[in-house]
Each structure stands twice: as C-alpha cells, then as structure tokens.
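Trainee: The residues making up each chain are set out below.
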Amino acid sequence: MLLFKSRLQKQWKAHLALFRSIGDWAFYIYLIIPFAAFIYYLLRETVFQLNYGLIESIHRGILIFLLLVIATFLINRTFSEPADKLFLLQNRKQYAALKRCSFYYSLLVNFLYMAILYSLFYPLLKYVHALSSIQLIQFAISLMSCYLVSKIILLQSSKWAQFCFILFLVVLFTTLVFYANVWTVVFSSLIGIVSGGFYEKRAIQTHRYFEKQTENDVEAFYRWQSRIFFINPELKTLKLPVHKAKAPILCKQSKSNNQVTVLIELMLKTILRKKSYLWNYVRIIAIVFPLMFVLPWWGAYLLIIFMYFGLNTYMSAILDEIKENAIFKIIPASDQNWAKAMKRVEIYMINPVSFVYLVIITCILFF
Amino acid sequence: MISINIQEAGYQPKKAIINNIEFTIPRGQIVGLIGGNGAGKSTTIQTIMGTIPYSHHSCELQPYGYVPERPILYDYLTLREHIHLLIQTIGQDITELEQRAKELCKVFRLESKLDEYPHNFSKGMQQKVMLILAFTPKYRFYILDEPFMGLDPQAIRRLLLMINEFKNENAAFLISTHALDTAERLCDSFVCLHEGKMIKTGTLKELQAHPSQTLLEIFDELIEGVENAAV
Chain A
1 MLLFKSRLQK
11 QWKAHLALFR
21 SIGDWAFYIY
31 LIIPFAAFIY
41 YLLRETVFQL
51 NYGLIESIHR
61 GILIFLLLVI
71 ATFLINRTFS
81 EPADKLFLLQ
91 NRKQYAALKR
101 CSFYYSLLVN
111 FLYMAILYSL
121 FYPLLKYVHA
131 LSSIQLIQFA
141 ISLMSCYLVS
151 KIILLQSSKW
161 AQFCFILFLV
171 VLFTTLVFYA
181 NVWTVVFSSL
191 IGIVSGGFYE
201 KRAIQTHRYF
211 EKQTENDVEA
221 FYRWQSRIFF
231 INPELKTLKL
241 PVHKAKAPIL
251 CKQSKSNNQV
261 TVLIELMLKT
271 ILRKKSYLWN
281 YVRIIAIVFP
291 LMFVLPWWGA
301 YLLIIFMYFG
311 LNTYMSAILD
321 EIKENAIFKI
331 IPASDQNWAK
341 AMKRVEIYMI
351 NPVSFVYLVI
361 ITCILFF
Chain B
1001 MISINIQEAG
1011 YQPKKAIINN
1021 IEFTIPRGQI
1031 VGLIGGNGAG
1041 KSTTIQTIMG
1051 TIPYSHHSCE
1061 LQPYGYVPER
1071 PILYDYLTLR
1081 EHIHLLIQTI
1091 GQDITELEQR
1101 AKELCKVFRL
1111 ESKLDEYPHN
1121 FSKGMQQKVM
1131 LILAFTPKYR
1141 FYILDEPFMG
1151 LDPQAIRRLL
1161 LMINEFKNEN
1171 AAFLISTHAL
1181 DTAERLCDSF
1191 VCLHEGKMIK
1201 TGTLKELQAH
1211 PSQTLLEIFD
1221 ELIEGVENAA
1231 V
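Protein chains in written order, with the working numbering: chain A, 1 to 367; chain B, 1001 to 1231.
Since the hints were derived computationally from the structure, they do not count as laboratory data.
Since the model is a prediction, treat every value here as computed from it, not as a measurement.
There may be inaccurate statements among the hints.
Covered by chain A, according to a simulated footprint, are these stretches of chain B (three or more residues, beta-carbon under 8 angstroms) [what the hints assert, rightly or not]:
#1 1065–1078
#2 1111–1124
Pairwise CB distance ranges (calculated) [said to hold, decoys possible]:
#3 A:Phe87 x B:Met1149: 31 to 39 angstroms
#4 A:Ser316 x B:Asp1152: 41 to 49 angstroms
#5 B:Leu1160 x A:Asn257: 50 to 58 angstroms
#6 B:Asp1093 x A:Ile364: 53 to 61 angstroms
#7 B:Tyr1054 x A:Gln253: 28 to 36 angstroms
#8 B:Gln1099 x A:Lys329: 23 to 31 angstroms
#9 A:His15 x B:Tyr1011: 25 to 33 angstroms
#10 B:Thr1051 x A:His15: 33 to 41 angstroms
#11 A:Phe367 x B:Asp1093: 56 to 64 angstroms
#12 A:Ser316 x B:Pro1053: 19 to 27 angstroms
#13 A:Asn91 x B:Pro1053: 53 to 61 angstroms
#14 B:Glu1224 x A:Asn91: 47 to 55 angstroms
A virtual CB, placed ideally from N, CA and C, is assigned to each residue, including glycine.
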C-alpha cells in the first residue's frame, strides 16, 4: 500500500510539474472558464433538451457497439517500473500487493469514466431509442464486463488475435443488450466477476506478464507528456525512443529545385513519414469532423476556430522541432528561407481543411 | 591561411574547458589536432565553428566542410534525399555537385543504399554518409572530427587519397584524431592538447627529439613532461 501510494504521488507530481511547466494559474483560469462555459451551454442545448442532433440518426446497435468499443480502450494501471525487475520482482507478495492496489485504483477511475459516458447517453437510449429498463441495466453491465474481459485479452494474445477477440466480445455484448432478460444480465455479470477473478489470479498473483504490463504502464505514465510534448518542446527529454523505420515506399523522388522548396519538401516528408506527427494531425481533423454534425451551429463554428488555432500551434511546434534538428549544423539554411518554407507548410496543412469544414457547416446551416 | 586564437571557451559562462589555444592552418596544409580523451579537441573544433555556448576567441572562417565526431543524420530522409537537401542548400553548381555526390557514393560503395534511411545503416556506413555530405561541395577548408572512426581499411585508404587530392587543390584541413600512426603519415603539422591547454605545436621534425621518434612517443613524452611539471 505504501509503495502504491508513493507511486501514485509520483505520477501526480509528474502531472503537476508538467502542467506548471506549460502555464501558470492565470493561464489555466483563462482556459478553464471559457471551456467550462462551452461545456455547460453544450450540455444545456443537447443532453438536457434531449437534442442529440445527428447522433440520433445513428442506429442504436451501432451506437451501443461504439460505446462498448470505448470501454475496451480503458487502461488498467500496474504502476510497475522497468527497474522493478531488479528490486521488486523477487519480493513476490509486495509486487502483487502493488498490482492489486493499482487494479482497484484503475477500477475506480474507469468506473467513473464509464458512469459519465453512461449518463451522457442514458437519455438518448431511454427516450429516443426507447430501450427498456432491463436493456439499460444490461448495457451498464456490458460496459463493465467488456472493459474487464478486454484487459485479459490484451494480456493473453497477439495483436491480430486481440483485435478478433475484442471485436467478437463487443458484438456479443451489443447483441445481449437487444435480447436482454434476467438471464443475460446474470450471464454478463458472471463474465465480469470471473474476469476480475481471472485478472487477480493471472495478472496480479503471477508476474509472467511483467514486460507487457510495465511497457503499458510506462506508456500510460507518459501519456500526458507525449500528448503535450508538441506544444511544449522543453519536454523533449521525456520523448520515447525513435523506432527504426523501413525504406520509404512513397514520395521517393525529390522535385524541389531551390532552398525554400527543398525545406518544404523536407517538412512535408517528415510529417508524412513520422507516424506520431501524421496521426496527431489526422486525429485532430478526424475528431472535429463528426463533432461538427453533432454540435449546434454556433458550437460547430467555434470548434472550427479552435481547430484552426490548435492546428496552428501544433504545426508550429512540429516545424520548430524539425528546424532544430542537428543536421542543419552541417547543412545550413538561412532563417529567411526557413520562415518562408514554414509559413507555406502551415498554409498547406491548415487552411484547406479549415476552409472545407467551414463550407460544410455553412451548407448544413443554409440548406 | 586560417588563424585561430582561443582565449577561453566552455559550455557554461566563466567555466572554461579550454584556454590559450593559438595556431594557424596554412592553405594546402593538414593540421592534426591530437590529445587524449577529454583533452579538449572537440571543444576546440566547436569553438572554431562558433557552436559553443561560451567563448572568447577570434577566427574568421569562409564556408567549410565538416565531418562530426558522431554521425548527424535526419531520421526521415533517405540517403538520396540527404544529398538532394545538401545540393539544393549549398549554393554551388548543381550539376557538378550531383556528379561529385554520385562519384563519392561509388567510392564508398553506397550506390545501392540510396533509397534507404541512413539512420538504419551500420556505424561505419553512417560515417561514410558524413564523408559524402562533407566532400560533395568543394571548400577551401575542412574540419574533420575523428574521421577514421568506424571506417573499414578500404574506406580509410580512399579517404586518405581524397584528403591528399583536395590538399593538392590547395584546401586546408584540421583533423582531430586518436589514430596517431595515420596522423603521422598524413598531417603536415600538429597541435597537441592536454587538459584543455595547448602543450606543443609544430611539424613532426620540430617535435621530434631524434629522427626515429614516432608521434606516439612524442605525445607520451609531452604528457609525462606536463604531469611531472605539475607534481
């Protein structure tokens, strides 16, 4: 328990240090007040008024399937560290106690997340999709069971097998929601309880998944750092090691013919080839797209403005990082050309997306 | 001629690592910078290049070629793209540069690796990439920091030939190395560093106590002399 407490404190201290390094209290107050107001008005105009916009047109089966998929993404922490292999693994009982406390902690936190998710969609499922009380109970238990079983699947199998098992699991529990009765509720609850017990026996009492659990936990520990890293370059030291990539298949030819265009080419190729850069960019755009259809028109416009500035900050951070690469000690380029190239890359990567989104939302509003 | 005069330099203000280093590199000459680990060779090179945070020095440099101590590569560019980036940035005749880069890739046997990431190459191959990038453009001055490290014997031989070829075209070289036997055959003069200070400078003849004395023996003697004087 003491060890768990100290590791949990370490985690929160790291989070606090991270947030302090980004901005002071005044900055967060300026950020939180408009954000809280936005959330309040959003909830007032959607959930509280039973107005879910385009989400209402999504088939309830698909909706439940998607919500159950979200439940499988929740993480079980172990608070184990790579050095535990040297000092803690030998003391089996103490290490098991650490993992047990971490499991209860994860259970509590994830239960809270699932409760929020459930509360947000409860009115939609009950009043719009007319799910019965037993179906709603079945859905709540399915969320919990899906989360617990998926954690065992993640420990047991290869990536493809994990994908197939989780898909099967989510489809099964989605089906159970529609054929809900007392027996399916009992069956799902039993699966949840057995999974919890199995997790205790295999993932807590034995240490055979040490490497996998530690790898997942280190990733979870640095999750915030790696997300915020792009807007705070001081956190470079916390960056995970670069993975070696195979030779590129696409865009092998170089078309540039002067210093500015060669720098543009370099930046675009880097964004294309460095997965974290590309996926974070795609993620921002992909998250905004469905939200545009769900939000009221003023919310959608606000969201596009936020996306524009968010993408701007993100691109500036990426491009500054590219510019600071040590290679430019031996291949120098003038600051003026860097500024020109960076400006053009920002325009290519931000303006077309923002413009298309603005056109879409304006078309929806007027037609 | 390049004149170098370093009063002091280091990584933090007022915490100098090297002091009072003064020497010249005449055109068409190769100067060897020799010294043990931590003697201040790389710091001297960084000071000359102006990339050290704290320094009091005077040194006027025209554009120069540079081979770093550890290969500096861009993770997301192939070898061909590294060369293309260099050619487009350097501001010399593009056709000539392309021709030279092609020849150098052939000399160092990297033609078949042009579409691969140098980041995945072996250490020796990465060093060859650094040599290709440094020697593709023509300069009047080259700084080579441990250029022989990780190279196979054939590559060392080709590099030596290339340095001599450039030397004959009147280029000056500053070479930092631990390979004293190679340096003895290659360099025209030497700058000996120890604990951040220049302990001796001159040609091999000027440094020798007798004609058969090797550079390694001279260096050992110099270090011993300095340490005994300190005691």
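Trainee: State for each hint whether it applies.
Mentor: Okay, the hints, checked on the actual structure:
Residues of the region 1065–1078 of chain B lying with their CB closer than 8 angstroms to a CB of chain A number 9, which satisfies the three-residue condition for coverage. Proximity of the region 1111–1124 of chain B to chain A, defined as three or more residues with a beta carbon under 8 angstroms from a beta carbon of that chain, is established by the 5 residues found. At about 37 angstroms, the CB distance of phenylalanine 87 of chain A to methionine 1149 of chain B agrees with the hint of 31 to 39 angstroms. Distance hint check: the CB atoms of serine 316 of chain A and aspartate 1152 of chain B are about 44 angstroms apart, consistent with the given range 41 to 49 angstroms.
The hint said 50 to 58 angstroms for the Cβ distance between leucine 1160 of chain B and asparagine 257 of chain A, and at roughly 35 angstroms that hint is violated. A hinted range of 53 to 61 angstroms for the beta carbons of aspartate 1093 of chain B and isoleucine 364 of chain A is consistent with their spacing of about 56 angstroms. Distance hint check: the CB atoms of tyrosine 1054 of chain B and glutamine 253 of chain A are about 44 angstroms apart, inconsistent with the given range 28 to 36 angstroms. Checked against the hint of 23 to 31 angstroms, the pair glutamine 1099 of chain B and lysine 329 of chain A passes, with Cβ atoms roughly 26 angstroms apart.
For histidine 15 of chain A paired with tyrosine 1011 of chain B, a C-beta distance near 32 angstroms keeps the hint of 25 to 33 angstroms intact. At about 36 angstroms, the CB distance of threonine 1051 of chain B to histidine 15 of chain A agrees with the hint of 33 to 41 angstroms. Between phenylalanine 367 of chain A and aspartate 1093 of chain B the CB atoms are about 58 angstroms apart, so this pair conforms to the stated range of 56 to 64 angstroms. A hinted range of 19 to 27 angstroms for the beta carbons of serine 316 of chain A and proline 1053 of chain B is consistent with their spacing of about 25 angstroms.
Between asparagine 91 of chain A and proline 1053 of chain B the beta carbon distance is about 46 angstroms. The supplied range of 53 to 61 angstroms is therefore violated. Remark: the range hint 47 to 55 angstroms for glutamate 1224 of chain B to asparagine 91 of chain A is upheld by a beta-carbon distance near 53 angstroms.
Hint violations for this structure: numbers 5, 7, 13, all remaining hints satisfied.
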